[in-house]
Amino acid sequence: MKRSGLLTFLIIFIALVFIGRLFYLQILNNSYTVPALNSSAVKVTYDYPERGYVYDRNGKLLVANQLSYDIMVIPREVKPLDTLDFCSLLKISKEDFIKKMERAKKYSTRIPSTFVAQVSKSDYAFLQEKMYKFKGFYIIKRSLREYPVNSAPNVLGYISEVNENMIKKNPYYQLGELIGTAGIETTYEETLRGTKGVKYIQRDRFNKEIGPYKNGMYDTLPVPGNDITLTIDSKLQQYGEALMVNKRGGIVAIEPSTGEILALVSTPTFNPNLMVGRERSKNFTKLYLDTISRPLLDRGLQGEYPPGSPFKVITALVALQENVINTHTTIKCFGGYRYGAGKDAFMECHCGTHGSPVELNKAIYRSCNSYFSNAYRKTIEKYSTAVEGMNVWSKHVKSFGLGNYLNNDLSVGQKGLVPDGDLYNKWYPNTRWTATYNISNAIGQGEVLTTPIQLANMTATVANRGFYFTPHIVKSIKGKKLNEKYTTPNYTTIDEKYFEPVIEGLFNVFENPRGTASWSKVKGIEICGKTGTAENPHGQDHSIFIAFAPKDNPKIAIAVFVENGYWGSRWAGPIASLMIEKYLNGETIRPWKEQEMFKGSLQDEYDKQLIETLEIEK
Amino acid sequence: MRSRKTNIFYGIDWVLVLFYIILIFFGWINIYSATNTEESFDLINFSTEYGKQLIWIGLCLPLILLILLFEAKFYEKYASIVYLVSLLSLAGLFIIGKNINGATSWYNFGGIGLQPSEFTKAATALAIAKLVSEKQFNLKKLNTQLQALLILFFPAILITLQPDPGSALVYTAFIFVLYREGLPFYYITIGFITLILFIITLYFGFSYTLFGSLFLFLIILLYFNFYRRKALKRGWIKILGIYLISALLIFSVDFVFNHVFEQRHRDRFNILLGKTTDIRNIGYNTNQSVTTIASGGITGRGFLEGERTQGNFVPEHQTDYIFTIVGEEWGFIGSTLVILIFVLFLLRIIQIAERQKSKFSRVYGYSIAAIFFTHFTINIGMVLGLLPTIGIPLPFFSYGGSALWGFTVLLFLFIRLDANRSYEW
Chain U
1 MKRSGLLTFL IIFIALVFIG RLFYLQILNN SYTVPALNSS AVKVTYDYPE RGYVYDRNGK
61 LLVANQLSYD IMVIPREVKP LDTLDFCSLL KISKEDFIKK MERAKKYSTR IPSTFVAQVS
121 KSDYAFLQEK MYKFKGFYII KRSLREYPVN SAPNVLGYIS EVNENMIKKN PYYQLGELIG
181 TAGIETTYEE TLRGTKGVKY IQRDRFNKEI GPYKNGMYDT LPVPGNDITL TIDSKLQQYG
241 EALMVNKRGG IVAIEPSTGE ILALVSTPTF NPNLMVGRER SKNFTKLYLD TISRPLLDRG
301 LQGEYPPGSP FKVITALVAL QENVINTHTT IKCFGGYRYG AGKDAFMECH CGTHGSPVEL
361 NKAIYRSCNS YFSNAYRKTI EKYSTAVEGM NVWSKHVKSF GLGNYLNNDL SVGQKGLVPD
421 GDLYNKWYPN TRWTATYNIS NAIGQGEVLT TPIQLANMTA TVANRGFYFT PHIVKSIKGK
481 KLNEKYTTPN YTTIDEKYFE PVIEGLFNVF ENPRGTASWS KVKGIEICGK TGTAENPHGQ
541 DHSIFIAFAP KDNPKIAIAV FVENGYWGSR WAGPIASLMI EKYLNGETIR PWKEQEMFKG
601 SLQDEYDKQL IETLEIEK
Chain F
1001 MRSRKTNIFY GIDWVLVLFY IILIFFGWIN IYSATNTEES FDLINFSTEY GKQLIWIGLC
1061 LPLILLILLF EAKFYEKYAS IVYLVSLLSL AGLFIIGKNI NGATSWYNFG GIGLQPSEFT
1121 KAATALAIAK LVSEKQFNLK KLNTQLQALL ILFFPAILIT LQPDPGSALV YTAFIFVLYR
1181 EGLPFYYITI GFITLILFII TLYFGFSYTL FGSLFLFLII LLYFNFYRRK ALKRGWIKIL
1241 GIYLISALLI FSVDFVFNHV FEQRHRDRFN ILLGKTTDIR NIGYNTNQSV TTIASGGITG
1301 RGFLEGERTQ GNFVPEHQTD YIFTIVGEEW GFIGSTLVIL IFVLFLLRII QIAERQKSKF
1361 SRVYGYSIAA IFFTHFTINI GMVLGLLPTI GIPLPFFSYG GSALWGFTVL LFLFIRLDAN
1421 RSYEW
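For the record, the sequence lines run as chains U and F.
Quick note on the numbering used here: the first sequence kicks off at 1 and runs consecutively.
Quick note on the numbering used here: the second sequence kicks off at 1001 and runs consecutively.
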């Protein structure tokens, strides 16, 4: 070998070793190659758009945003400070300070973490001036919800931090972000929220940010949330809440011609602003743990009760449709209806007709149990088996939107219950059951369960003479068309012609001097309604009322439910009529009635019940 | 025929000049990538490192012209003086040098730092060339070997004392030059065996290596005993001597490693040999460097697109670790290309050196080939995680005026010598 060859050989050899090493590192072993946007060199930050506002049907602002201020800390940058001064500014104790500081350090010494969340605007003003003294602490602004009108917390809902389940379900959310968790905030979360913008930030090896990643090539701009206009009439809503003070229950008012929900009252209610700010979790816990009056339960949507007498309207309509009665069919009522041979097989009736012939109209305005039991029985017995009859009946009833979720834009709801043949087959597997087994369905007792909104929708259906629009809470979203299902009518299985005689009966409930709600008659408004008293095995009967007005071309259909309100015309009737009056005329001509309702309290009744329950538990 | 008298570019090897320009251009591209900031896209921005480097590159032209102006004979004649001056400049550091990063390697001229050791390489190459090209110089003799060793020893020891042992290590490159000019092969063998023993001892530990080598020695002895009995009779002293020297070496490796090396040196070896895997502290550089190279993949992330480069994840990535940028932003293809250009560049130098009629030019050419090769090997070997961390620049790539000038002088002296070859006899 020539001596000059050694260096040449080594050069080529080393070069081959290097290329081999590069091949191994860059091609074979490319596990180092991590996806660009997740690598340690790139940090992702989000730009949150402002959440959409919420207005009522008249353009009144119901939900807005307010700024809140979080105190952030980067532990390694904290210099010795006047702890006492700092704590008093933030209104925390020294122990809190130490605890928070340790938590922040545990999280990271370099990365900022929240020290005190949601400092109020007034505290911020003080803090801002003194922040320069506290190195390592700084303030960031956050957007919070604000409720200018103290009303309708059940409708508006609230936002809170996402939990881990939510994050798993929906990858859009990151820990610490806000999400609508109740009411309109949750059903229209995506509309209100908008879309957050993403920014990728290039970091150096100390995690220091040195500018946008690839000049912001992958960054996206935030899309602001849309404003929403509700169908709620804020004035009516507040009026309803005022009428229901100290009474548990719900009011649902619907505009029959559109299905728009005008008011959705649930009492006891609370100030929606309790769900905002530093006290949020404390307030929430308090409301959540109140299992006696259950303020978080939306009674208008979630309260399942026997509908009572208002259900007789359906019984009548089904019987008419099935041709088992007509408007001239009469029965005689002697204080009740005997449906069996046994001593107890007797349903009492308080219609007070004492054996004089009762036809449909009178049966409705006197609320005659016997009449409707009869009609119900005839309907079921029209078919060769009770099961068949029951199923036909059930189908008719369900066409009013009862017995199922209304499939609307409300965050909560209950199905209620409309029994059918199968249910009783299950209950009485070895018996040939008949209509008399469940005769109380006729008068809205028995197995039938409805929620106030279902009752209101049923009323609207009657007001419309046979169809309804799915009740909904959102009137319009800026820049979006309303879902078609809210603008297509749902027809019942009852022919239109059968509604008129029933409505006449409902009209007489107010108009006839012997009508059950004649006391609640309002001069100048043609109201059709039906009182109801739902038997309650646990205490006083519930007070129920449905109504719509005016009789022709109805503007409002309403269902009122007052827990343990004795009977229909005692609380629910007057409240319903006042609501109608307020909505149609803007004010009432019966201020004494209004005052009576404002001041009336059922608290004694509730206390009594509570004590009884406690004693039973003992 | 144009003559040297009228044209200083006459006889220049333009192939080498072309390689030089390519390497410097691509080097600067990577320096730009390493040190640019988002705000300004200003090439002539002298507050930035890429801007400063551009000045240094621009100033190379007058430097080159200056080199080319002098007669080739001038360099040969005054080689010894250049060498002595360079030694003095190294010695002077101990008096008025500036300490940067723990080493006193810099002179400070009004804010501009100059690193004399970058120029000493050229001076030493000239001195070696002068010594070896003397008439009847024979490297087979111990006496002349010692002379050559002394020439290398002085700059090496002065640089080691700065302390900058990495730069001193470059002087081992001259073993290839001396071998080319007649140094017996066993020096290379001894050097190689020393290196192997060094690594084995570090890896397996002192006692294992000692016993292992004893075992090997006994096997060799048995072999000779059965098959080469005659040779054993004549050469047993030699064999025993080799073993004893090896054993001594193993002892001394252990001693040097544990008592002469500082902890940071030991760490570097331990990381390389995989005995420590602390990627946060002592292994940080190597780990970041290798990861960054690997993240380039086949085609690389593209110019200014390497996020680990732009995030400054690799420390000193504009100087010693500049090859990581090539790796990340230009990928396997770009890295391989750079290596191939270096190989062609080195082979061209050797080719030209071999065609020199003057022994002085040939030895000098060989010297610079060896120096460039050593830098190339140590630097890229370190960046690829094949060699321990030794901070020496990659020629023409790394940021730094002194290094750039030093390498330019090194190369253009040779180009000047080569341009004169037709006058030699």
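Check each hint, because a few of them may be wrong.
Said to hold, decoys possible - Capping the alpha-carbon separation at 25 Å, the derived lysine-lysine pairs in PhoX-like fashion look like this: (1) U:395 with U:485; (2) F:1140 with F:1052; (3) U:521 with U:555; (4) U:133 with U:79; (5) U:2 with F:1141; (6) U:106 with U:79; (7) U:2 with F:1357; (8) U:2 with F:1073; (9) F:1233 with F:1077; (10) U:196 with U:485; (11) U:282 with U:100; (12) U:2 with F:1135; (13) U:497 with U:426; (14) U:398 with U:523; (15) F:1098 with U:395.
To be verified - Short, incomplete list of chain F residues facing chain U, as computed with Cβ under 10 Å: (16) 1114; (17) 1190; (18) 1213; (19) 1214; (20) 1307; (21) 1311; (22) 1331; (23) 1335; (24) 1342; (25) 1346; (26) 1347; (27) 1380; (28) 1388; (29) 1391.
If you are wondering where the hints come from, they were derived from the structure by calculation, not from laboratory data.
None of these values were measured; they are calculated from a predicted model.
Cβ coordinates follow ideal geometry from the N, Cα and C atoms, glycine included.
Quiz item: Does residue 1388 (chain F) pass the interface check with chain U, least Cβ-Cβ distance below 10 Å?
Solution: For residue 1388 (chain F), the interface hint is violated, since the closest Cβ of chain U sits about 15 Å away, which is over 10 Å.
Quiz item: Minimum Cβ distance from residue 1347 (chain F) to chain U below 10 Å?
Solution: Cβ of residue 1347 (chain F) sits 6 Å from chain U, so the hint holds.
Self-check item: residue 1342 (chain F) as chain U interface residue, shortest Cβ-Cβ below 10 Å
Solution: holds (7 Å)
Quiz item: Should the interface hint for residue 1391 (chain F) be scored as holding, given a Cβ-Cβ cut-off of 10 Å against chain U?
Solution: violated (18 Å)
Quiz item: Quick one, is the residue 1311 (chain F) hint okay against chain U at 10 Å, beta carbons?
Solution: holds (4 Å)
Quiz item: Does residue 1307 (chain F) pass the interface hint, meaning its C-beta sits closer than 10 Å to a C-beta of chain U?
Solution: At 4 Å from the nearest chain U Cβ, residue 1307 (chain F) passes the 10 Å test, so the hint holds.
Quiz prompt | Hinted pair residue 196 (chain U) and residue 485 (chain U), Cα distance within 25 Å | solution = violated (29 Å)
Quiz item: Straight-line Cα separation of residue 497 (chain U) and residue 426 (chain U) no greater than 25 Å?
Solution: violated (36 Å)
Quiz item: Is it true that the CA of residue 106 (chain U) sits at most 25 Å from the CA of residue 79 (chain U)?
Solution: holds (18 Å)
Exercise. For the pair supplied as a hint, residue 2 (chain U) and residue 1357 (chain F), confirm whether the alpha-carbon distance does not exceed 25 Å.
Key: holds (18 Å)
Practice problem: Would you mind confirming whether the straight-line C-alpha gap from residue 521 (chain U) to residue 555 (chain U) stays at or under 25 Å? | Solution: Judged against 25 Å, a Cα distance of about 17 Å means the pair holds.
Exercise. Quickly compare the C-alpha distance for residue 395 (chain U) and residue 485 (chain U) to 25 Å and report which way the hint goes.
Key: holds (21 Å)
When each numbered hint is compared with the structure, violations occur for hints 2, 8, 9, 10, 13, 14, 15, 16, 17, 18, 19, 28, 29.
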